[in-house]
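Dock chains D and R against chain S, hints included.
Here are the chains, one letter per residue:
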Amino acid sequence: MIGQLIMSGIVAGSIYALVALAMSLTYKSSEVANFAQGEMGMFSTYVAFVMLATYQLPFWMAFIGSLLFAFLLGLFLHFAIIRRAKNPNVLNLLIITLGFQVFLYGLVGWKWGSEQRVLKIPISQTETVEFAGLTISQLNLATILVAILLMASIYILLRFTKLGLAIKATQQNQTAAKINGIPTKLIVAITFGISSVIGAVAGILMAPITTLDPNMMIEPMLKGFAAAVLGGFNNLAGVVAGAFILGIVENLFGFYVSTEFKSIVAFLIIVIVLYFKPSGLFGTHYTRKV
Amino acid sequence: MSKVIQLKGVTKHFGGLVAADNISFEVEKGEVFSIIGPNGAGKSTLFNCINGMYKVNGGSVWLNGEDITGLKPHVVSQKGLSRTFQNLELFGKMTTMENLMLGRHLYMKTNLWNLPSMLWKKGLAARDEITHRKKVEEIIDLLDLQSVRNRYASELPYGRQKMVELARALASEPSVLLLDEPAAGLNLEEKEELVFWINDIKRLFDITILIIEHNMRLVTSISDRIMALNFGKSIVIGTPDVVTKHPEVVKAYLG
Amino acid sequence: MFYAMPNNVLLWNFRFFLKTFNLFALDKRISYFEDISLLKDNSVKRWSFLCLLLFGLVPFVLAEYQVFIANLVLVNVIIVLGLNVLIGNTGQISLGHGGFVAIGAYMTVILDEQWLPFLPSLILAGFVAALFGFILGIPALKLEGPYLAVATLGFGLAITTIIGRMPFFGGHMGIIPPPLKVLGMEMTSNTHFYYLCLSIALLMGVFARLLIRSKIGRAFSAIRDSDIAASSLGVNVVWYKTMSFAFSAFYAGVGGGIWAYVLGFISPGNFTPVLSILLLSMVVVGGSGSITGSILGATVITLLNLQGEKIQELPLIGPFFEWVSAHYMSISGLPNINFVFMGLTVILIILFEPLGLFGIWLRIKIYFKTWPF
Chain S
1 MIGQLIMSGI VAGSIYALVA LAMSLTYKSS EVANFAQGEM GMFSTYVAFV
51 MLATYQLPFW MAFIGSLLFA FLLGLFLHFA IIRRAKNPNV LNLLIITLGF
101 QVFLYGLVGW KWGSEQRVLK IPISQTETVE FAGLTISQLN LATILVAILL
151 MASIYILLRF TKLGLAIKAT QQNQTAAKIN GIPTKLIVAI TFGISSVIGA
201 VAGILMAPIT TLDPNMMIEP MLKGFAAAVL GGFNNLAGVV AGAFILGIVE
251 NLFGFYVSTE FKSIVAFLII VIVLYFKPSG LFGTHYTRKV
Chain D
1001 MSKVIQLKGV TKHFGGLVAA DNISFEVEKG EVFSIIGPNG AGKSTLFNCI
1051 NGMYKVNGGS VWLNGEDITG LKPHVVSQKG LSRTFQNLEL FGKMTTMENL
1101 MLGRHLYMKT NLWNLPSMLW KKGLAARDEI THRKKVEEII DLLDLQSVRN
1151 RYASELPYGR QKMVELARAL ASEPSVLLLD EPAAGLNLEE KEELVFWIND
1201 IKRLFDITIL IIEHNMRLVT SISDRIMALN FGKSIVIGTP DVVTKHPEVV
1251 KAYLG
Chain R
2001 MFYAMPNNVL LWNFRFFLKT FNLFALDKRI SYFEDISLLK DNSVKRWSFL
2051 CLLLFGLVPF VLAEYQVFIA NLVLVNVIIV LGLNVLIGNT GQISLGHGGF
2101 VAIGAYMTVI LDEQWLPFLP SLILAGFVAA LFGFILGIPA LKLEGPYLAV
2151 ATLGFGLAIT TIIGRMPFFG GHMGIIPPPL KVLGMEMTSN THFYYLCLSI
2201 ALLMGVFARL LIRSKIGRAF SAIRDSDIAA SSLGVNVVWY KTMSFAFSAF
2251 YAGVGGGIWA YVLGFISPGN FTPVLSILLL SMVVVGGSGS ITGSILGATV
2301 ITLLNLQGEK IQELPLIGPF FEWVSAHYMS ISGLPNINFV FMGLTVILII
2351 LFEPLGLFGI WLRIKIYFKT WPF
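Residue numbers (the working numbering), protein chains in the order written: chain S, 1 to 290; chain D, 1001 to 1255; chain R, 2001 to 2373.
Simulated from the structure, these hints should not be mistaken for lab results. We put the CB at the ideal spot given by N, CA and C, even for glycine. Certain hints may be false.
[Claimed, not checked] DSS-like mimics (lysine-lysine), calculated; alpha carbons at most 30 angstroms apart, straight line:
1) R:2369 / S:86
2) D:1122 / R:2142
3) R:2369 / D:1109
4) R:2181 / D:1093
5) S:86 / R:2045
6) S:277 / D:1134
7) R:2181 / D:1134
8) D:1093 / S:185
9) S:86 / D:1072
10) R:2040 / D:1135
11) R:2365 / D:1121
12) D:1121 / R:2040
13) S:168 / R:2142
14) D:1109 / R:2365
15) R:2142 / D:1134
16) D:1055 / S:277
17) R:2142 / D:1109
18) R:2142 / D:1093
19) R:2040 / D:1093
20) D:1093 / S:178
21) R:2142 / D:1121
22) D:1093 / R:2365
23) D:1122 / R:2045
24) S:262 / R:2142
25) R:2142 / D:1079
26) S:86 / R:2142
27) R:2142 / D:1055
28) R:2142 / S:277
29) R:2045 / D:1093
[As the list claims (entries may be wrong)] Have a look at the derived ranges for each label pair, beta carbon to beta carbon:
30) S:277 / D:1109: 48 to 58 angstroms
31) R:2362 / S:141: 30 to 40 angstroms
32) S:159 / R:2142: 24 to 34 angstroms
Next comes chain S alone, as it looks inside the complex (with noise of 0.2 angstroms):
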């Protein structure tokens, strides 16, 4: 049973993982807290619901279109409105981010409607998987594979390619990047398109599994940001990891105590870890010299 529980942990947490790796890439490299990231990915899913059902094109298709479309959302989030900010401090950019949430989510219900609609992906939901002697559906395993596959390739991508370079480099100190020649506005810019597709993503997988309604993304990206403050923001290898731990206990908790106060006890464990760990558990403290 806790075999069970710990798997249904572990594709919760991939969920969460997916939406900690995109909030903690835009802030690692512009530190604007994306709090539209949700709603960003949920826009998309939507988007590839319609060219699913409206369109009728075939999933690699919508898959790969809804992609690009979060691509296009995320520079637009930058250059239409984060860079004509004036005065960038902290409070007012995570405002912004609310702010182009709320009218996203206002925008999504107004267009389709706010009912719950069924996205078909051609992997089953009730077909099982035999794996180390627990039974685990098509859907989720599908889900656990995507989440460690696009992981791995961002992991890749900042570790061995120039654009990884440039994103650790304008993230560490703008002006410096500059002065070598990386265009940093546009590297920010690239960030925030990959942070969108991963959280699209999140919320196709997300879909099947829960249902697709302006309302699915909201509480998987609350959770995804806790675990990204979990794990420590700054470390993208922590922030996943913190969220598989946030996935694992949630559903340990739910089971063994009570179900009633799940989702609270995510937060609460976090709010008892930062106690001790104000950088969360792997994060790194910037100290000032005085």
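Below, chains D and R without anything else, positioned relative to chain S:
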């Protein structure tokens, strides 16, 4: 003469890096004591240890005969110690006046329950505020800050900002003042003004002053005694003549 | 003086009006007390009197339903006044203030039902909320930025979830407050509530204003700007930070207590994280760190939130959106349009005026101060 500041074997390390290694010295009342040394020698670390911002790993710090090792900064400041900072820690979004009024924080008696008495002229809070406002005005007059009184601290030119920070430290009526690189970033004229101010302060308020400085001309002209540091160890303590001619100091620092 | 007086009576009256209300403000010598006092000079006193009069006349001008909305605005003003001190002055973040509102609301109702009359219940509930605020302040000491945001979010969520599950608090069904009796007077209509809300808001607003310009408020601002320097000047950062949380929680609790009575019914669904986020936007959109900003922000966001659907009734814009809806959107009518507008408004205000609505107000004042240049 009474010993105002005493450091006995103060040691501070950050992991493997020893920033202060068994430092001991004493400062007499009314003295101007300078600490010099190359960058990274551990000078600001010492100030932070005295101030209470760092916890020392060994040794003790004594102020006016009282052991203040490990006390929190705000408690240390209650005992009559004030400081300025190398990288200017002004309250940027507040005006000069408000910055200086914060210097009077220790002496103000306004509290949550006597707050409404701010409304009428004879009220406790109002009279309190006005009293301290008058004291702050005295300091503004002393350091010639009238023209920037109501301007936001982050808008001021750098030299003025340093003056405001000095005024703020003075406003808390300390018996000991710690100045961390007060002349850094000042032009020639401002540096000479600084010398005047320090002498004025010393004369008017009988304050003991500890200074961290790189500018040797400044240091030799105003210090009574100097301590030279290198790699966290104290090389020599003595009068300016002795220290500037000391061979190790010349090798490590003066070149 | 007489040779400068114009012949035209109208112009003379106009200039009298300007001088009385000091529309061309000039700097003049004032005493220290005048500098720190609440109502600086005669013109400020006259403006305040005028505003007070206008606010007092509101229930006679607006319909019953609109007075109800005004009450909700006032409740939010009270909460935001406190929250702004925490966020704008002390530089912290709180995504969990809904929790304190909930504590205030439930505590007031429970105390009023059984033990104490309304006003003492309200004040006691405020103090209970303040206690919880103090408790939140302790882990918050070492946290900043997103870490603090998540900690406060978790705190607020925990409080509302616990309240929601305990049958003592009525669970999902919520509870209904008893009829309101203040100082022996029965309060039943929205107009009665209005004057109650207005007086409490005024009182707490004045107190907050006094606090900001006093030693305590300065200590708060010092912590925001540089807690290292604050500490070395004698400010006990631990004490003041927790005090700031407690203070803002008190205001939230009192606001929540009144809100329960204005609504006539409270349930856990009123106190979701959405409330906390709305409160946060009121602070930032209004102008962090200023009293006027709190008032403006609370008013604008509350009105947008509640009245957003009224967009349909606007002469030009309404039909335009209906047309867009019919042609491009799958649904007819304008559901969720208030979200679209609120999000858009928030974004636009922060983009173009980082100081929020208060910043816009300052610009207007400065424009008129230097008019006609």
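Unsatisfied constraints (hint numbers, rising): Numbers 2, 3, 4, 5, 6, 7, 9, 14, 15, 21, 30, 31, in rising order.
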